[in-house]
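Residue strings, one per chain:
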Amino acid sequence: MNEALAAAVQGFMYPNEMELQWSILIVLYPYITGLVAGAFILASLERVFKVQAVKPTYRLALLTALAFLIVAPLPLQLHLGHPERSFEMYLTPHTSSAMAMFGFVYLWYLMAVLVLEIWLDYRKEIVLKARSSTGPMKAVYKVLSLGVDDISEEALRLDDKVGYALTVIGIPSAFLLHGYVGFIFGSIKANPWWSTPMMPIVFLFSAIVSGIALVLLMYMAVSVLKGQEIDMPCVDTIARYLLYAFIIDFTLEGVDLLHRIYEADESFASLDFMVHTKLFVSQILLQIIFGGLIPIGLLALTQMVSLSEKARKGIYVLAGTATLMGIFAMRWNVVIGGQLFSKSFLGYTTYKLDFATREGLLPAIVLLLLPFAILWGLVKLLPPWHDETAEKAV
Amino acid sequence: MSRLFGHKEHLVRMAGLFAAGILVFLLARALFVPKGFGTYGHYRAGALADNRAYPVKFAGRDACVECHTDVPDALKAGKHARIRCEACHGPLAAHAQDPTKAKGVKPDPKVLCVKCHLANVAKPQGFPQIDPKEHLGPNCGECHDPHVPGQEPQKKG
Chain A
0 MNEALAAAVQ
10 GFMYPNEMEL
20 QWSILIVLYP
30 YITGLVAGAF
40 ILASLERVFK
50 VQAVKPTYRL
60 ALLTALAFLI
70 VAPLPLQLHL
80 GHPERSFEMY
90 LTPHTSSAMA
100 MFGFVYLWYL
110 MAVLVLEIWL
120 DYRKEIVLKA
130 RSSTGPMKAV
140 YKVLSLGVDD
150 ISEEALRLDD
160 KVGYALTVIG
170 IPSAFLLHGY
180 VGFIFGSIKA
190 NPWWSTPMMP
200 IVFLFSAIVS
210 GIALVLLMYM
220 AVSVLKGQEI
230 DMPCVDTIAR
240 YLLYAFIIDF
250 TLEGVDLLHR
260 IYEADESFAS
270 LDFMVHTKLF
280 VSQILLQIIF
290 GGLIPIGLLA
300 LTQMVSLSEK
310 ARKGIYVLAG
320 TATLMGIFAM
330 RWNVVIGGQL
340 FSKSFLGYTT
350 YKLDFATREG
360 LLPAIVLLLL
370 PFAILWGLVK
380 LLPPWHDETA
390 EKAV
Chain B
0 MSRLFGHKEH
10 LVRMAGLFAA
20 GILVFLLARA
30 LFVPKGFGTY
40 GHYRAGALAD
50 NRAYPVKFAG
60 RDACVECHTD
70 VPDALKAGKH
80 ARIRCEACHG
90 PLAAHAQDPT
100 KAKGVKPDPK
110 VLCVKCHLAN
120 VAKPQGFPQI
130 DPKEHLGPNC
140 GECHDPHVPG
150 QEPQKKG
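Chains A and B are the protein sequences, given in the same order. Taking numbering that gives the first Met the number 0, I'd label the letters of the first sequence as residues 0 to 393. Taking numbering that gives the first Met the number 0, I'd label the letters of the second sequence as residues 0 to 156.
If we strip away everything but chain A, and leave its shape as in the complex, we get (with noise of 0.2 Å):
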């Protein structure tokens, strides 16, 4: 047995359980896609239930979900190593599988929501790039155009039209892309932490609610960065969202938590035992407190009171920091606590993070990075604000 093993454990541990197969990668999978799901379902908001104050954030909210979505398979494929036989999942699909039935949802959801639905609203703007621009960004705009220069009304209310089917089509495919990542965990029989019908429910709110929050700080620190005004009626009902979807999170979670706690099946004095000690920073003060009362509490604040623009703003940097803290820690206890107890609830193990190792932090650091230097060149490619000059142009 090995030593170093052995020490990490406290009480009885089945031999194969002593050490954590799914690391912090696999925390990084729910969290992002969770982000994707989120971001998505905000500019989903704007365009089929027509609330146009969030307006100025729909497109940089596709463009954030999408350098998500392109980032959201890395730390699963970091994680099981050889990336090319990721292939074979689509190549040989096991329909049994739910893990690998994910391959199908998520390009779904890549090619037929996200990518279309952006291409469809950006198409004015690429083609009129596509003929103001020179030298080779002029001809990666025509290849973007697929050679299509028809921005007249009629081209363009049809691109509308499709756009807006999309989104509806998008919406349920959101909710299935994170609800999935949720039932994979959620259906997992063996494991009394994670098995629970609730699990697609509350991870998909949760996912809404990070994604919410991410878009409202990217929001805010793009215009920081741009130079412009924050436009503050978006702001405010982007948090006063925020606020809704995380009430209903944490409710649902509140009920999970509840129902366990009232049915005491036989696995909840060691899960009980396992969140008041290893998990109680994670689990009791990051996610529950500094992640959950505390945000809520502080949305709660500017829709009670009626507080300055600036205070305002500050609320808000502070609640969606504290909110993207806090599903990182949910998805944190659900994957590493799933993982430190024994299925005969008589030990515990314990979760070793490296730094500089394929698994470790460092690697897992440059992943959660990664969306944004994708974004920012999204961002160059696709500008998510109109773009005046352009528009002179026509």
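There may be inaccurate statements among the hints.
As a list, the in silico EDC-like pairs of lysine to aspartate or glutamate whose alpha-carbon atoms are at most 16 Å apart [as the list claims (entries may be wrong)]: (1) B:7 with A:148; (2) B:122 with A:16; (3) B:7 with A:153.
FYI, nobody ran anything at the bench for these hints, they're computed from the structure.
Based on the hints, put chain B in the right spot on chain A.
Same frame as chain A, but now just chain B:
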């Protein structure tokens, strides 16, 4: 606009792109999915023949005792009676086939015994287990006859 599909041209082209993508996918499938995949299950049917073609490595106890008639009698006297020869000796099909070409292997008790007897809380409590640091010495074979572990090894010089 003298295009074939009028104002729908770009949409038709995009649809064409998707169709092309699907076509490439189907081609890739035809190209990369091995023959016979899925005939019996989610694997390549030919894998069965490949596996069958591997040389047999284990001969089985019945083969061993045909020649080593004395060992089963010895084993019967102790608690190792129900353990197959090759669980300890390793795969010896080649030896059983022709003992002149491939020699039988005598496992080193120092390495072998702890593979099964190292103390571990996960093992059934009734199973004899030792902690080598606390037990009587590393050379298990000095005090235990591997075939009859409850006995001291006979003779030997």
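Taking the hints in turn, this is what the structure says about them:
no., hint, result
1, B:7 with A:148, "12 Å, holds"
2, B:122 with A:16, "14 Å, holds"
3, B:7 with A:153, "9 Å, holds"
Violated hints for the displayed structure: none, as all numbered hints are satisfied.
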